[in-house]
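Hey, can you work out the whole structure from these sequences and the hints?
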Amino acid sequence: MKEKALVSVLTLATSLVSYHYAKRQGKDVVPYVMIGGFLGAWAGEFLIRSRKKKYKQKK
Numbered sequence: 026m027k028e029k030a031l032v033s034v035l036t037l038a039t040s041l042v043s044y045h046y047a048k049r050q051g052k053d054v055v056p057y058v059m060i061g062g063f064l065g066a067w068a069g070e071f072l073i074r075s076r077k078k079k080y081k082q083k084k
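Positions 26 to 84 (the working numbering) are the ones given, in order, by the sequence shown.
A hint or two may mislead.
[What the hints assert, rightly or not] With a Cα cut of at most 35 Å, we get these calculated DSBU-like pairs of lysine-lysine:
| id | residue 1 | residue 2 |
| --- | --- | --- |
| 1 | 48 | 83 |
| 2 | 48 | 27 |
| 3 | 29 | 81 |
| 4 | 83 | 52 |
| 5 | 77 | 29 |
| 6 | 79 | 48 |
| 7 | 79 | 27 |
| 8 | 27 | 83 |
[Unchecked claim] Between beta-carbon pairs, the in silico distance windows are:
| id | residue 1 | residue 2 | range |
| --- | --- | --- | --- |
| 9 | 75 | 38 | 14 to 22 Å |
| 10 | 55 | 27 | 28 to 36 Å |
| 11 | 78 | 33 | 17 to 25 Å |
| 12 | 41 | 72 | 17 to 25 Å |
| 13 | 59 | 81 | 27 to 35 Å |
| 14 | 82 | 29 | 34 to 42 Å |
| 15 | 78 | 42 | 42 to 50 Å |
| 16 | 46 | 72 | 19 to 27 Å |
| 17 | 34 | 79 | 15 to 23 Å |
| 18 | 53 | 80 | 19 to 27 Å |
No lab work stands behind these hints, which were simulated from the structure alone. Since we're looking at a predicted model, the values are computed, not measured. Glycine included, C-beta positions come from ideal geometry on N, C-alpha and C.
Given below as C-alpha cells:
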C-alpha cells in the first residue's frame with residue numbers, strides 16, 4: 026500500500042469511528058471527528074516510519 030493511501034485510510038477510518046462514538050453518546054460530533062482524524066493521521070505516519078526503518082535494516 027502506498028504511503029499516502031495508508032495515511033488517508035487510517036484518517037478516514039478513525040474519523041468515522043469517532044463520529045459514530047459521538048453520535049451514540051449524544052455529543053457534538055465536530056471535535057470528535059477532528060481528534061479522530063488527527064489520531065488516524067498520526068498513526069499512519071507512525072506506521073510508515075516504522076516500515077521504512079525495518080526496510081532499511083534489512084538492506
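Tested hints:
1. In summary, the hint linking residue 48 to residue 83 is not supported, as the alpha carbons are separated by about 45 Å, beyond the 35 Å threshold.
2. Restraint check: the Cα-Cα separation between residue 48 and residue 27 comes to about 32 Å, which is no more than 35 Å; the hinted pair holds.
3. Of the pairs offered as hints, the one joining residue 29 and residue 81 holds, with about 19 Å between alpha carbons and a cut-off of 35 Å not exceeded.
4. Taking the CA atoms of residue 83 and residue 52, the gap is about 47 Å. The hint is violated against a cut of 35 Å.
5. With a C-alpha separation of about 14 Å, the suggested pairing of residue 77 with residue 29 holds against the 35 Å cut-off.
6. Of the pairs offered as hints, the one joining residue 79 and residue 48 is violated, with about 39 Å between alpha carbons and a cut-off of 35 Å exceeded.
7. Straight-line distance between C-alpha atoms of residue 79 and residue 27 comes to about 16 Å, which keeps the hinted pair within the 35 Å bound.
8. Between residue 27 and residue 83, the direct Cα distance comes to roughly 19 Å. Compliance with the 35 Å bound is thereby established for this hinted pair.
9. For residue 75 and residue 38, the hinted distance range of 14 to 22 Å is satisfied, since their beta carbons lie about 18 Å from each other.
10. A hinted range of 28 to 36 Å for the beta carbons of residue 55 and residue 27 is consistent with their spacing of about 29 Å.
11. A beta carbon spacing of about 22 Å between residue 78 and residue 33 agrees with the range 17 to 25 Å that was offered as a hint.
12. With their beta carbons about 18 Å apart, residue 41 and residue 72 fall inside the hinted range of 17 to 25 Å.
13. One distance hint, 27 to 35 Å for the beta-carbon pair residue 59 and residue 81, holds here, with the actual separation near 33 Å.
14. Hint check: residue 82 to residue 29, Cβ distance near 23 Å, so the stated range 34 to 42 Å is violated.
15. A C-beta distance of roughly 27 Å is found between residue 78 and residue 42, which places it outside the suggested range of 42 to 50 Å.
16. In this structure the supplied range 19 to 27 Å holds for residue 46 paired with residue 72, their Cβ-Cβ distance being about 22 Å.
17. For residue 34 and residue 79, the Cβ-Cβ distance of about 20 Å falls inside the hinted range of 15 to 23 Å, so the restraint holds.
18. At roughly 42 Å, the beta carbons of residue 53 and residue 80 sit outside the given window of 19 to 27 Å.
Hint violations for this structure: numbers 1, 4, 6, 14, 15 and 18, all remaining hints satisfied.
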